[in-house]
Amino acid sequence: MTALAALIRRDIRIALRVGGGALIGVLFFLTVVVLMPFAVGPDLAQLARLGPAILWLGALLASLLTLDRLFMADHEDGSLDLITMSRTPLELACAAKALAHWLAAGLPLIVATPVLGLLLNLDMVATGAVALTLLVGTPALTFTGMIGAALAVTLHRGGLLMAVLVLPLSIPVLIFGVAASQAAITGPLSFGAPFSILCALSLVSLVIGPFAAAASLKHGLD
Amino acid sequence: MNGLKPGQMQLSGRGVICVRGSREVFSGLDFEAVSGEAVAVTGRNGSGKTSLLRLIAGLLIPAGGTIVLDGGDGDMTLPEQCHYLGHRDALKPALSVAENLSFWADFLGGERFNVAESLATVGLDHAADLPAAFLSAGQRRRLSLARLLTVRRPVWLLDEPTNALDVSGQDMFGRLMRDHLARGGMIIVATHAPLGIESRELRIGGMV
Amino acid sequence: MTLIDLANPTRFLALSARVLPWLAAATVILLTIGLYQSAYAPDDYQQGATVKIMFIHVPNAWLSMFVWGVMSVASLGTLVWRHPLADVAAKAAAPIGASFTFLALLTGSLWGRPMWGTYWEWDARLTSVLILFLMYLGLMALWRAVEDPSRAARAAAVLTLVGAINLPIIKFSVDWWNTLHQPASVMRMGGSTLDKAFLIPLLVMAVAFTLLFVTLHIAAMRNEILRRRVRSLQMMQASRIAFSSDVGTGSRQENASKGAA
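Chains as they are written, first to last, in the working numbering: chain L, 1 to 222; chain S, 1 to 208; chain B, 1 to 261.
Read the hints as simulated data drawn from the structure, not as lab findings.
For glycine and all other residues, C-beta sits at the position ideal for the given N, C-alpha and C.
Do not take every clue at face value.
Unchecked claim - Only some residues are given here: those of chain B computed to face chain S with a beta carbon under 7 Å:
1) Gln234
2) Met236
3) Ala238
Said to hold, decoys possible - Derived DEER-like restraints, expressed as beta-carbon distance ranges:
4) S:Asp73 x L:Ile175: 46 to 54 Å
5) B:Ala26 x S:Glu117: 25 to 33 Å
6) L:Leu118 x B:Ile29: 31 to 39 Å
7) B:Gln237 x S:Thr66: 43 to 51 Å
8) L:Leu155 x B:Thr10: 45 to 53 Å
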């Protein structure tokens, strides 16, 4: 346990120290949301209708695009070798790194959601619904995205290739995340069903993500 | 691991084959090392010195053959009993020198020795609270050596460890290696430079 | 590198230490007068008491653009004249400019609440300020992302100047986008003609806020200079260790460690 706690502490510390790492994601999220009205027009009623979708897309891109260095930095400086050799199973180490990333980069996105909701003319209920679905859904994004981050190390490629690999995997999360928020705002569907599925997706990815990432890293060793 | 008798542990490889990409680096390699002894792996560039160390560390998977450690801690796998010191320092520039070392001590676990003392031994105690970004290449290597002192493991796998070390650094490193061997440790080192300790030579890949 | 770089900043530190108290005092006095006058300014017949937000909003909005101008001049100083203080000035100005821009947004949105019925309306002016705010944040992220200040300075200077050229284009585009979507029915802040009862407090506040900026900017520049000195001292300390341990182990090394502590 101390090993995992140490890893989480270290990753969060680095994220906070290097270039405001965590806040770049929030800035990206903000920028994406600000761009939307220029494309769809400033009509507040329309923005309120599209709001949950815009917020979800922004959060999805922000949390996936910050992921591509998750393992790359450790690979480049040799830390990954030592992590692989240690007594801590690689799967758990991967999970710890993803958790640290979610705490440092995912959680700030959710904190920023109410402010962005204001820009999109969302009322309290709608903002709350989006924030809640993001809170439940972004771990799924991080833990699915980490598979791509691990593949990026194996393939020695990052950036857009990773995005292309991972974005399709995040479609189910997007569908049920937006569906649950819409259900809470306008109905007529019940909020419970899509929200439960979203929770299930997160739980499944908590299991699959670390194993797939660890497997990919092990095969990519050289 | 304190108090291992010389020869108590034995690392042996039988018919080890290493393939990188589609190139066969070496094949049918046999080697042996016992605790209390240093083995210097020599060979020309590209003969597979680094690959051999990484095979032992479990960072490469052999295409054939076996590598086993007898007489070590039965609960642990071979890589878990090894320290690997490669070309890369596994240091984070954003963290302080002491934070870097404490992290590896916490993460690697096991018997843990005083961080401040290890830093003093390698001559970095004044820099403990400075960011690792301010260290020179030689100082970074010293910090990596401090890791070997803080977390004790019986097998040291060292890849060109004296690179970037100045004369006093090499002296210090020689002392550390002698201490490690005296405690019953085992050292396998890939190098071209003289080490300053007695070692047996393992030549791979034909003529040097 | 240190001695040459410090020569000029040292003079700046000495000079600014003498000027700073006077600037701070002048800022406080003018702000007090300005706030007093704005508090007792008459209510607007249309907007009521909300018009008083204008006395805070307009100076902030003015400064949000003025600070970018200051940074642009400083960026020219970095790129063209290579003045040693230029990038310190540019770096210190960015967070202050971002704060003024944020206050402009905040007051604009508070003003908009009773006017529009929502906290946010994609009004052309506010939207332009929001984009300016994003650019400030991006610039600050750039300053923090690059470890070495002189390398960061070059990149930030280019970005600042590109921003300065782009800001009017963005402003024009946003205006065009806005009129495209909602033909001129939006009530604008601060009409075309201002009564003297509004104008004088507004001018006082504008001057007071500008002084506030100058005070904060000089203080921030001092901090930045000191921060860089700490950094170079730390780097010197890190490299001195190599020499002390070159001597060998034993007493001399221990002495050196006591000296550093």
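Which numbered hints fail: Violated hints (numbers, rising): 2 and 5; every other hint is consistent with the structure.
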